[in-house]
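Participant: What follows is the residue order along each chain.
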Amino acid sequence: MASPQPKIKSKVRCVDGEVGEVVHVIADPLSLDVSHIVVRANGTERQVPVSAIGAVRGESVELTCNAAQFSGFPELKRQDYVSSKEVEIPHLENRIHVEPGELLVPFPELEKNCARRSFFAGFINVIGALIALPLVWPVLRYIMKPMYVPYDNHWIKIGNISKIKTEDIGVQYIFKKSFKDSVLQREEEKNHWVVKASPETLKKIYTHGDIPFYDEKGAVIWINNQTVPYVAFSGKCPHLGCGYKWRSHKTRGQVFLCPCHLSIYDASGAVLDGPAPRPLDVLPIQISPSGDIEVIDVEYKAGKKEQVRIA
Amino acid sequence: MAHPVENISSIKLAWAVSWSAFWTGFPFKLIVALLLLAGQVHPWEGAGLVTLLVVSVPIDIWAVGLTARTVFLERLGMEVRGPVGVSLWWEGAVLGALVLGSGYYAVGTTVAVGQKIAAAIIARIKNFYPKLPIAEQITLELLLWTIPAAIVLLVFVLVWLHLFGWRVKRFVMTSGQPSSASLLERVRQWDYARVPADPTLVLVSFAGVIVTLTVVFWVLLPVTTPTPHPDYPLPQVEKASKPVKPEELIKKTEANLEKAEAVLAALEKEKSKETKKRKGK
Amino acid sequence: MNAVFQKVYDFVDERIDLKTLEAKMMNEPIKGGSRWAYVFGSCLLFIFIMQAITGMLLMFYYIPSADHAYASTQYIIHEVDYGWFILSYHFWGSSAMVVMVFAHMSQVFLWGAYKKPREMIWLVGLVLFVIVMAFGFTGYLLPWDQRAYWATTVGVEIMDKTPLVGDFLARFLKGGPTPGQMTLSRFFVIHVMILPAALMGLAGLHLFFFRSAGPAGPFRGTPEELKAKTDFFFPRQVWKDIVAIAAVFMAICALAFIEPVQLLEQATPDPGDYHPEPEWYFLFLFQMLRWKIFSGEFGEVLGAVAIPGMFLLLLAALPFIDRNPERNIFKRPIALLSWTVVMIGILVLTVSAILNREFLE
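Chains as they are written, first to last, in the working numbering: chain L, -1 to 309; chain Z, 77 to 357; chain X, -11 to 349.
Check before you lean on any hint, since a few could be wrong.
[What the hints assert, rightly or not] Across the chosen pairs, the derived CB separations fall in these ranges: (1) L:Ala217 / Z:Thr300: 40 to 46 Å; (2) X:Gly333 / L:Met145: 50 to 56 Å; (3) L:Glu214 / Z:Trp95: 56 to 62 Å; (4) L:Ala217 / Z:Gly115: 33 to 39 Å; (5) X:Pro321 / L:Ala65: 54 to 60 Å; (6) X:Ser326 / Z:Leu208: 26 to 32 Å; (7) Z:Gly115 / L:Pro287: 55 to 61 Å.
Worth flagging that the hints you see were computed from the coordinates, not collected in a lab.
Note that CB positions come from ideal geometry on N, CA and C, so glycine has one too.
This is chain L alone, in the form it adopts within the complex (with noise of 0.2 Å):
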């Protein structure tokens, strides 16, 4: 632009005279050169086109109308504009300085009509639906895989009756048990406990008669009953998961202890004391002729009243 851009608030005067100030200018989004200043003038708001000014002297604009002709521009029309802040155009504002005050951007035609604006950003949600859901389904079985894995019902030898030589006392089978995981053929050290119990705790852990077994299906799969006077406890503490021990205690004598939040369980695996919600996991259990003790690895989970088994 050869001649200076015209001010926001600078007077604007016609051939004939002050006819009001300069409060918006209009650029052109593509040419970025100002189009129109916006004069309000007895509190209506006009545009004049750029070619209607004459000259920028300091604060005030000179048209080249006269004032009978200046009140023949259109009043501005807000809603056909945007402010520069709501518009994303390169360079505009290094290009027109119009602080503080309002630099207006024509609302390009096609999108003045709100219904067809709404329609096509609905139409983009529709899209991206067609995107997104497909996938739902397959990404969600994917990720469950390996979280509802059947039971492990396999027997395990994990040791000896032989090695028990006293009624009521906790004693440790540490065995290895391999297993599948994932494409992984590993090999685990677990433990479990066993009591050979005398006839009062083997009436105490049967009270509620024999214990059943169940699959994921709730089928049966094994009943433990009082004629085996020998009894495996899960090793994982039924309160958090610890691992607990055979422990003698100031006032309770021999009792299974767990470290971690102090539950304390008798032979029978009853609670006697701490945050323990149920009394020790019973395994499945099976001695061989030869004396060896089988289990199935029956997994509870922990914290819970009720036994829930997850594995």
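Fit chains Z and X to the given chain L structure using the hints.
Facilitator: Below, chains Z and X without anything else, positioned relative to chain L:
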């Protein structure tokens, strides 16, 4: 003054209509092809191909109509009333069947003859220069027969475009009126052609179709690979487990336990004998 | 429900001026209006996001060790529910990425959009192109089958021929003198950490530069025409972008169904009957290296390092060499001719490589 149609070449006009119509219809056809593929049906042969072609007809008619109206408004300033899509699609399809059908035959012949000639030329070159390396030979031979084939193909496509353009021009001349609207209004006109009269209805039904198709997709998509590796040991189906019979179980356990206790007693006896022996010494 | 949403929106807006931010992002006037020709960049962003998502999903099961990489990939294909589909999508997604990069670069080239003032966008774009190729190269090794192992072996041998730094570069990538566990670890880290981070950063820069310089717009049209067709980025360009993105998504799915990933045998240092070959988008280079002029030590450096390197440098220098402001491709015959020759050359060499397979027995 010449008719505005005379200012544009028929090839350009036909290209403008058919190129955009192809891409307009493409995503819709892709949805159908994808569902066929998910169901293990090949969309390029047999029933799959028939399905795809049948579904393509209405899609193409709609797409040709939409893009042709736009091109007429934008390039020619012409407005056409009535079923543009059907009339143009019909002519394009008949011309396509004739020109591109014979083009298929012509290109096939060119390829066959071209490959023979290329092989002969390579043989001649090998007479003079027997050490011609294989990589260079392959590319040279490929160029020798693909260049004429590509030219023949291009000619047939141009012929089709020219003929189709000629028909499009005739169509605009007979059924179109020059639009009195300004450029701005015409732009708005073809923009509005892409927005339905009842946007909510269209959006809701389109969303419904997508949800339905998604469910169909989930049902069809195989869970495990349709092409397993020949050496991969697929997991065996688990054998049905025997139901537990409590009484038998108890009997068996008792028997086992008795035996175990006997063994234990014997072991302990032996052990005590040994200790006695040791003490005796 | 709407009232709650409005309240949350107002809460955020009051604090971070969300409305203005939204307006700045969406209200970008596109000179000459939205176009289907402008969708490629958005498609690339989409493909990258999907590669990131499927890549993360694959890492749920993949084990990056020479002992288990092959077995865990086979496990994904054969045992994990829909694993074959996720892996095949990721595999074909990488091809789609390369195709889309070529489309995007071609569009920018043909539209003359690399010219002043958009040189910086073009330069960052070229680095992104190299990163995409590196993604393809490093990802190819991870399944650890014969195809993977041998493509990598040959690829690294090629890099080894670079003057001065070649030996160091090859040892750096292999993590030793020969390929093994260290190679797999390095390729894994480069593929899942280094390249994604680099790509995200540079793609952000690419977009920032693009927003700063503004879209180039069409290369012809009268000012009145351009003005009449002008619209904002949102909603029409976004709408076109997402339709194209949906088509890309469906095309990748279709390829995953037509040709699901199938591994060869586990990698061994003995190729057996297998003829090593790189991923298809490197085939043209691979075939070129079979030519007599690129044999011998000097020839190999020339074909494998010097020519591709010079080509990239030429592309980088392009906006500085070609300073003619004319953007109409039909008035830039040299540009149009070079683009056609390069594209046909790549096509012919790729087909030649496929035909060449028959002559390897």
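Participant: Take the hints in turn and mark each one as holding or not.
Facilitator: We went through each hint and held it up to the structure:
{"no.": "1", "hint": "L:Ala217 / Z:Thr300: 40 to 46 Å", "verdict": "violated (27 Å)"}
{"no.": "2", "hint": "X:Gly333 / L:Met145: 50 to 56 Å", "verdict": "holds (51 Å)"}
{"no.": "3", "hint": "L:Glu214 / Z:Trp95: 56 to 62 Å", "verdict": "holds (58 Å)"}
{"no.": "4", "hint": "L:Ala217 / Z:Gly115: 33 to 39 Å", "verdict": "holds (36 Å)"}
{"no.": "5", "hint": "X:Pro321 / L:Ala65: 54 to 60 Å", "verdict": "holds (58 Å)"}
{"no.": "6", "hint": "X:Ser326 / Z:Leu208: 26 to 32 Å", "verdict": "holds (29 Å)"}
{"no.": "7", "hint": "Z:Gly115 / L:Pro287: 55 to 61 Å", "verdict": "holds (57 Å)"}
Of the numbered hints given earlier, the model fails hint 1 alone.
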